[in-house]
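> Could you put the whole structure together from the sequences, leaning on the hints where they help?
Below are the chains, spelled out letter by letter.
Protein chains: 2
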Amino acid sequence: MEQPEAESAKRIPKAVIKRLSLYSRVLQNLAMKNVTKVSSKELSEQLGQNPAQVRKDLAYFGQFGIPGVGYYVADLRAQIKKILRTDREVRVAVVGVGNLGQALVSYTGFSREGFRIVGAFDADPEKVGLTLRDAPVYHIDELEERIRQLGVEIIVLALPREAAQIVADRVVQSGITAILNFVPTRIVVPSGVKVHYVDLTIEMESLAYYLKGGIREKT
Amino acid sequence: MEQPEAESAKRIPKAVIKRLSLYSRVLQNLAMKNVTKVSSKELSEQLGQNPAQVRKDLAYFGQFGIPGVGYYVADLRAQIKKILRTDREVRVAVVGVGNLGQALVSYTGFSREGFRIVGAFDADPEKVGLTLRDAPVYHIDELEERIRQLGVEIIVLALPREAAQIVADRVVQSGITAILNFVPTRIVVPSGVKVHYVDLTIEMESLAYYLKGGIREKT
DNA sequence: TAGATTGTTAATCGATTAACAATC
DNA sequence: TAGATTGTTAATCGATTAACAATC
Chain A
1 MEQPEAESAK
11 RIPKAVIKRL
21 SLYSRVLQNL
31 AMKNVTKVSS
41 KELSEQLGQN
51 PAQVRKDLAY
61 FGQFGIPGVG
71 YYVADLRAQI
81 KKILRTDREV
91 RVAVVGVGNL
101 GQALVSYTGF
111 SREGFRIVGA
121 FDADPEKVGL
131 TLRDAPVYHI
141 DELEERIRQL
151 GVEIIVLALP
161 REAAQIVADR
171 VVQSGITAIL
181 NFVPTRIVVP
191 SGVKVHYVDL
201 TIEMESLAYY
211 LKGGIREKT
Chain B
1 MEQPEAESAK
11 RIPKAVIKRL
21 SLYSRVLQNL
31 AMKNVTKVSS
41 KELSEQLGQN
51 PAQVRKDLAY
61 FGQFGIPGVG
71 YYVADLRAQI
81 KKILRTDREV
91 RVAVVGVGNL
101 GQALVSYTGF
111 SREGFRIVGA
121 FDADPEKVGL
131 TLRDAPVYHI
141 DELEERIRQL
151 GVEIIVLALP
161 REAAQIVADR
171 VVQSGITAIL
181 NFVPTRIVVP
191 SGVKVHYVDL
201 TIEMESLAYY
211 LKGGIREKT
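Residue numbers (my numbering), protein chains in the order written: chain A, 1 to 219; chain B, 1 to 219.
Source of the hints: derived by calculation from the structure; they are not laboratory data. Bear in mind that the values here come from a model prediction, so they are computed numbers and not experimental data. The beta-carbon is built from N, C-alpha and C at its ideal position, and this holds for glycine as well. Heads up, a few of these hints could be off.
Only some residues are given here: those of chain A computed to face chain B with a beta carbon under 10 Å [as the list claims (entries may be wrong)]:
1. Ser24
2. Leu104
3. Gly114
4. Val118
5. His139
6. Ile140
7. Glu142
8. Arg186
Rough simulated footprint, nothing fancy, chain A against chain B, three-plus residues with beta-carbon under 8 Å [stated by the list, open to error]:
9. 62 to 73
10. 80 to 89
Some chain A residues well away from chain B (every beta-carbon gap over 10 Å; in silico) [stated by the list, open to error]:
11. Lys33
12. Val35
13. Gly48
14. Glu205
The following block contains the structure:
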């Protein structure tokens, strides 16, 4: 069941990639405050992490710092963006224009980081033809065609559970290799295709577990 | 910076709790198919995991299976729900009624698992007074008061970055011990308060990294 | 009983942290 | 130069997997 990493991803743990993205955000904040240099210690403090981890994470990709000095904020951020391949516009489409899908199309956090939602898809004729924040809603029948035409690279799934696997198959057929899945079901994809799961129910339910203490005190 | 676990949470890894929630979902699906018994092997296959892990996860909390037989689906699910404290209605409120906040208030996945969104908060007078899927939108000034009145246990944050820490402080002051944070910033809370981060931008950005292979082939 | 599967201990694997020589 | 901080190797820690006696 293990999904072997794409050849290019090789031996780098997923957690490292996520932290890289986190570093990038912190560096952006520092840049806005006109901070030009930062040490791994300072960077790690902002994130509640270990300075060695910051250095080790970066070491996977090269040498970006200067011993005795630290890292140049703007430079390091540019390098990380390049590694993450977000030093350019990345084209995204959302499948499923329910509450969640609509919110994702309109989510400003994505555009702020250089992602561009170029379209959305739905089966509901009432929704087809709408424009959500610059993104036209196409009929799901046009999925393959539009993905190619619009140069979509990442697909966001926000549709009913029953449709998830069928749509995933079609999307993969169209050449998509990266899927952000908000549907609370496992989807099966060929190796080489990367799926990130965002499972809202599980996040919520696992929080409930930690209520224990608090609640018990009340009773 | 480490947030020490609440005493009751003790030594159980967060990953175990999340998997428990996953098991619960699979068991629900099995129950709907009228399956009454399941082995750790079958359960693990549904999730692409190791059967030993399923047994070990459950062993943190007791003995739920019968050697030579497996687990009774309905019984195990009930037990897990009890452990997770979702064998009852859990009251939730959302702070921030933008696109994302609205979508979260309306998200059917939450109610399906027994979470009840009892209210929402916003600073925008245009939004105050609305009712989103049974949930009234209150003014943010009423936050403390309403949390107590409505018996809110979990707070979902979906507001602008600048307001996140201030609202988190107020929410904690009101006795909340569990926060689901969609705002892309770290928030600082006293130990004993649990925060789960759902960082959409990081999920998206880390996906972009894996485009490498796919894209490179095209060029 | 024989076969199957649990609960649990031991072995393995991987990720995080500490330590330090290299170097600005 | 002396002080600081990197990049990297070694040590530690924790989580996953394998193995197997206990038991239905």
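> A cut-off of 10 Å on Cβ-Cβ distance, and Glu205 of chain A was said to be off the interface with chain B. Does that hold?
violated (4 Å)
> Does the segment 62 to 73 of chain B contain three or more residues whose Cβ lies closer than 8 Å to a Cβ of chain A?
Answer violated; 0 residues pass the 8 Å Cβ test.
> Regarding the hint that His139 of chain A lies at the interface with chain B, is the smallest CB-CB distance below 10 Å?
Violated - the Cβ of His139 of chain A stays beyond 10 Å from chain B, reaching only about 22 Å at its closest.
> In terms of Cβ atoms, is chain B entirely out of 10 Å range of Gly48 of chain A?
Contrary to the label, Gly48 of chain A does not stay out of reach of chain B, its closest Cβ about 3 Å off (not over 10 Å).
> Taking beta carbons only, do three or more residues of the segment 80 to 89 of chain B come closer than 8 Å to chain A?
That given contact holds, which follows from 4 residues of the segment 80 to 89 of chain B lying within Cβ reach (below 8 Å) of chain A.
> Once the shortest beta carbon distance from Ser24 of chain A to chain B is found, is it less than 10 Å?
Holds - the Cβ of Ser24 of chain A comes within 10 Å of chain B, reaching about 7 Å at its closest.
> Given Val118 of chain A as an interface hint, is the shortest Cβ-Cβ distance to chain B below 10 Å?
violated (14 Å)
> Minimum Cβ separation between Val35 of chain A and chain B greater than 10 Å?
holds (17 Å)
> Does the closest beta carbon of chain B sit nearer than 10 Å to the beta carbon of Glu142 of chain A?
violated (22 Å)
> Leu104 of chain A was flagged as interface toward chain B. Is the shortest Cβ-Cβ separation under 10 Å?
Hint holds; Leu104 of chain A Cβ to chain B Cβ min 8 Å, cut 10 Å.
> Checking a non-interface call: every C-beta of chain B should be farther than 10 Å from the C-beta of Lys33 of chain A. Is that right?
holds (14 Å)
> Per the CB criterion, is Ile140 of chain A less than 10 Å away from chain B?
violated (20 Å)
Taken one by one, the earlier hints fail for this structure at numbers 4, 5, 6, 7, 9, 13, 14, listed in ascending order.
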